[in-house]
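With chain A's structure known, arrange chain B on it following the hints.
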Amino acid sequence: MYQQEQPILTVKSLNKRFGHGCLNCQGVQKEKLVGNYCPFCQTVYACQNISLEIYPAEILGVVGESGSGKSTLLRCLYFDQDISSGEGYIQGYKDGLVNIFNETSQQKRYIRNHLFGMVYQNPYLGLRMNFSSVGNIAEKLIGAGSRNVDFMAGRARELLKKVNIPDYRMKEAPENFSGGMQQRVQIAKALSNNPPILLLDEVTTGLDLSVQANVLDLIKRIQRDLKISMIVVSHDLGVIRMLADRTIVMLNGRIIEQGLTDQVLEDPQHAYTQQLVYSLL
Amino acid sequence: MREIIKIANLGKFFELHNLGKRIKGCQDISFDLYEGEFIGITGRSGSGKSTILKCIYRTYIPKEGNIWYNSRLYGVIDLAQATERQLIHLRKKEIGYVSQFLNVMPRTTAREIVEQAVLDMGYDPEYAEEEARNMLTHFELDKELWDTYPNTFSGGEKLRLSIAGAMVKRPRLLLLDEPTASLDNESKEKVKILLRKLKAEGTSMIGIFHDLEFMEGICDREFSMRTGKFVLDNTAVL
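Note that the protein sequences, when read in sequence, are chains A and B.
Start counting the first sequence at 0; every next residue gets the next number (numbering that gives the first Met the number 0).
Start counting the second sequence at 0; every next residue gets the next number (numbering that gives the first Met the number 0).
Careful: at least some of the hints might be erroneous.
[Claimed, not checked] Computed list of lysine to any residue pairs in SDA-like fashion (alpha-carbon distance at most 20 Å, straight line):
(1) Lys160/A / Gly179/A
(2) Lys161/A / Arg106/B
(3) Lys62/B / Asp261/A
(4) Lys107/A / Gly95/A
(5) Lys219/A / Thr108/B
(6) Lys189/B / Gln99/B
(7) Lys92/B / Gln5/A
(8) Lys226/A / Arg90/B
(9) Lys226/A / Glu125/B
(10) Lys219/A / Ile87/B
(11) Lys62/B / Glu83/B
(12) Lys23/B / Lys228/B
(13) Lys142/B / Glu156/B
(14) Lys5/B / Glu63/B
(15) Lys219/A / Pro149/B
(16) Lys196/B / Gly216/B
(17) Lys91/B / Leu225/A
(18) Lys91/B / Gln222/A
(19) Lys161/A / Ser209/A
[To be verified] Examples of chain A residues lying across from chain B (beta carbon under 10 Å, computed):
(20) Glu52
(21) Lys219
(22) Gln262
(23) Tyr271
[As the list claims (entries may be wrong)] Here are a few chain A residues that sit away from chain B, every Cβ distance over 10 Å (derived from the structure):
(24) Pro38
(25) Val43
(26) Tyr77
(27) Gly134
(28) Thr204
(29) Leu206
Don't read these hints as lab results, they were simulated from the structure.
Values in this document were obtained by computation on a predicted structure and should not be read as measured data.
Idealized CB from N, CA, C, for every residue including glycine.
In isolation and in its complexed conformation, chain B is listed as follows:
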């Protein structure tokens, strides 16, 4: 199997100039993610899990180390050094990010959100419409909600929409930042089914979960974090 991501000595801290403080994010993180693999990261809140994902997505600027990503657009590229325009293209076409917070334009309907994700990939409107319909059906989002604004949605509905928007692109790499944190068991199960399906289609994933039970049977490997570092490297298949 080939690596899709190779992280070497990744470190991140936050320099707070106004307070004269330096906050640690994560240190000395190194691991490889293989194509089609699902890596789970666990740890208490504040241990630096999200920091790793945000460094990969470049919402945070890494301070140390490299994040080698084997991209379709540019070949092997260091995400820690990639230009903003390269990142914009990679985010549109290859790398998805899902958190428990649905981050979208206000006054955009559920259907438009999913369609836009397909349009961003460069497909034509008819195809986008069809894909959006398929995806919303697949995610069992109530038809009544398709043409309404998500700000009135329940947590589970928002999340399913959020994953639909990320999944409809069939990203090569999907980053999951505690997507199930606020979900009931039934919704969690639905998300799990979808993640399995994505994985079967070849998407590589890195996910953060509080819920160890959820990770069972879906994660290939698991890392545990404490104070910004990996403490246990459990490479055995769970």
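Just chain A, same shape as in the assembly:
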């Protein structure tokens, strides 16, 4: 018989709002929101009551239109933004007993540097454009405690090779690279500290088809070889279909549907998901 498996990351009732809220939008009267927006106090409820679990070596897809709160969710998990309320537990951190969102900023930096890797839609957020590519990776390694220059250079080379950046360009700054190459340097950087959890935010958006295919193959290979758990945010259902085991659908900051990826795409339950699936070309 099968042993009960433990999630590697658990998020419970995560809320993120931008603004202070008012009597109109707080508590019982929440239905007076327009989408995720309070017309009285201009507060935006970007993530509302988000609960999810990710299991080892699993890819969780997150779909939804722009403004649905997908990126905010990832940024909250990566501590780029403070949350309004909620809980998060990581299996490999203090035995999964401590709410990571309540930790000190020092501890949060530790989690970020050791347990998470992040790839942003916009490479400018994830890379220092005028540092060398090797330097970019070394930066993340230093954050994770490395001090040995030879080790860091070797690790950077190994990773850049893995993401198909040629030897003779490794010392170049990403600002000289094409969008697809920048994205691959970002992935190499995110992988450098061997994180158990990788967060990917619209990584293929804006890339042309063949480059997109390269990046997707790379992600799939990483997942297969390194058994990393991933959250893949995308508004592209094709990307989700190809990568994700399970999928979450977001609308106005809420999870409106979740299920096995093939089930969400073939038998969507919510009106919005149905519309989304019918919109597939």
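Below, chain B without anything else, positioned relative to chain A:
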């Protein structure tokens, strides 16, 4: 003989919110599948045959009834209520699904597809490589094609690859969704030989076929469907 699947009053409809309509899939489906048995389901297109298979595989969420499955991983489990993670594990290790459409990752070679199926079961790469080689040979897929992408394959080649990927896992339960629909007679015969072999090895199967001739001599029982219901319960051995 023991039941491997016990379906009770399975019903499925599709609520189309945007159109304000409800489409019927299947209603009141009840039957048992015994270990090592092969059940065939026939009926015109649109009669709800695939809906039953997709409910069992949980590509569709059943709306009514239970699908009791005697699993190795979890014991007896209701597939209609099982969690997504349980289903992911069951799909990797116990339940196979073959349709006429090969549904795989783009830019993955035939060999990788079959190997991956074995790796998913938790075996090591050497064993996966050997099993993949055996299976592709067994299915008489041209050696030239092993390391190419299946998008250029003919319908028959794709199907044989698809069945190879499902068979290499030696699933306990195999769901066949019109796998022979687009095949020539020679390919059909090959598939039939393979299905017989699987059956002899103990795999229980539920298959949908248009081709009554094909079902002869391989199905133990046959159900016929019309408008989402079973109309004829032919339990005699064909």
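Here is what the structure says about each hint:
1. Straight-line distance between C-alpha atoms of lysine 160/A and glycine 179/A comes to about 15 Å, which keeps the hinted pair within the 20 Å bound.
2. A threshold of 20 Å between alpha carbons decides the hint, and for lysine 161/A with arginine 106/B the separation of about 18 Å falls inside it, so the pair holds.
3. Distance hint between lysine 62/B and aspartate 261/A is fulfilled; the C-alpha atoms sit about 17 Å from each other, no more than 20 Å.
4. Annotation: proposed proximity of lysine 107/A to glycine 95/A holds, straight-line Cα distance about 14 Å (limit 20 Å).
5. For the suggested pair lysine 219/A and threonine 108/B, the alpha carbons sit about 14 Å apart, so the restraint of at most 20 Å is met.
6. As the CA atoms of lysine 189/B and glutamine 99/B are separated by approximately 15 Å, the hinted pair is consistent with the 20 Å bound.
7. Among the hinted pairs, lysine 92/B with glutamine 5/A is consistent with the structure: their alpha-carbon atoms are about 19 Å apart, no more than 20 Å.
8. Between lysine 226/A and arginine 90/B, the direct Cα distance comes to roughly 18 Å. Compliance with the 20 Å bound is thereby established for this hinted pair.
9. Simply put, lysine 226/A and glutamate 125/B have alpha-carbon atoms about 18 Å apart, close enough for the 20 Å limit, and the pair holds.
10. At roughly 17 Å between alpha-carbon atoms, lysine 219/A and isoleucine 87/B fall within 20 Å of each other, so this suggested pair holds.
11. Proximity of lysine 62/B to glutamate 83/B is assessed by CA-CA distance (about 16 Å); at most 20 Å being required, the pair is judged to hold.
12. Annotation: proposed proximity of lysine 23/B to lysine 228/B holds, straight-line Cα distance about 10 Å (limit 20 Å).
13. Under the criterion of a C-alpha separation no larger than 20 Å, the hint pairing lysine 142/B with glutamate 156/B is consistent with the structure, at around 12 Å.
14. Among the hinted pairs, lysine 5/B with glutamate 63/B is consistent with the structure: their alpha-carbon atoms are about 14 Å apart, no more than 20 Å.
15. The hinted pair formed by lysine 219/A and proline 149/B meets the criterion: a straight-line CA distance of about 18 Å does not exceed 20 Å.
16. For the hint pairing lysine 196/B with glycine 216/B, the CA-to-CA distance comes to about 13 Å; that is within 20 Å, so the pair holds.
17. A hinted pair counts as satisfied when its Cα atoms are at most 20 Å apart, and lysine 91/B with leucine 225/A qualifies at roughly 19 Å.
18. Among the hinted pairs, lysine 91/B with glutamine 222/A is consistent with the structure: their alpha-carbon atoms are about 16 Å apart, no more than 20 Å.
19. Taken as a hint, the lysine 161/A and serine 209/A pair is honoured in the structure, with Cα atoms around 18 Å apart against an allowance of 20 Å.
20. For glutamate 52/A, the shortest C-beta to C-beta distance to chain B is roughly 9 Å, which falls under 10 Å, so the interface hint holds.
21. Annotation: interface hint on lysine 219/A holds; nearest CB of chain B at approximately 7 Å, less than 10 Å.
22. Because the beta carbon of glutamine 262/A sits about 5 Å from the nearest beta carbon in chain B, less than 10 Å, this interface hint is met.
23. The beta carbon of tyrosine 271/A is positioned within 10 Å of a beta carbon in chain B (closest approach about 9 Å), and the interface hint is therefore held.
24. At roughly 26 Å, the least C-beta separation between proline 38/A and chain B is larger than 10 Å, which holds for a residue marked as non-interface.
25. Distance check on valine 43/A: its Cβ is at least 26 Å (rounded) from any Cβ of chain B, clearing the 10 Å threshold; non-interface status holds.
26. The Cβ of tyrosine 77/A lies farther than 10 Å from every Cβ of chain B, with a closest approach of about 24 Å, so its non-interface assignment holds.
27. Remark: the non-interface label on glycine 134/A is consistent with the geometry, its nearest Cβ contact in chain B lying 32 Å away (cut-off 10 Å).
28. Taking the minimum C-beta to C-beta distance to chain B, about 18 Å, the non-interface status of threonine 204/A holds against the 10 Å cut.
29. The claim that leucine 206/A is not at the interface with chain B holds, since no C-beta of that chain comes within 10 Å of its own (minimum 15 Å).
Hint violations for this structure: none, all hints satisfied.
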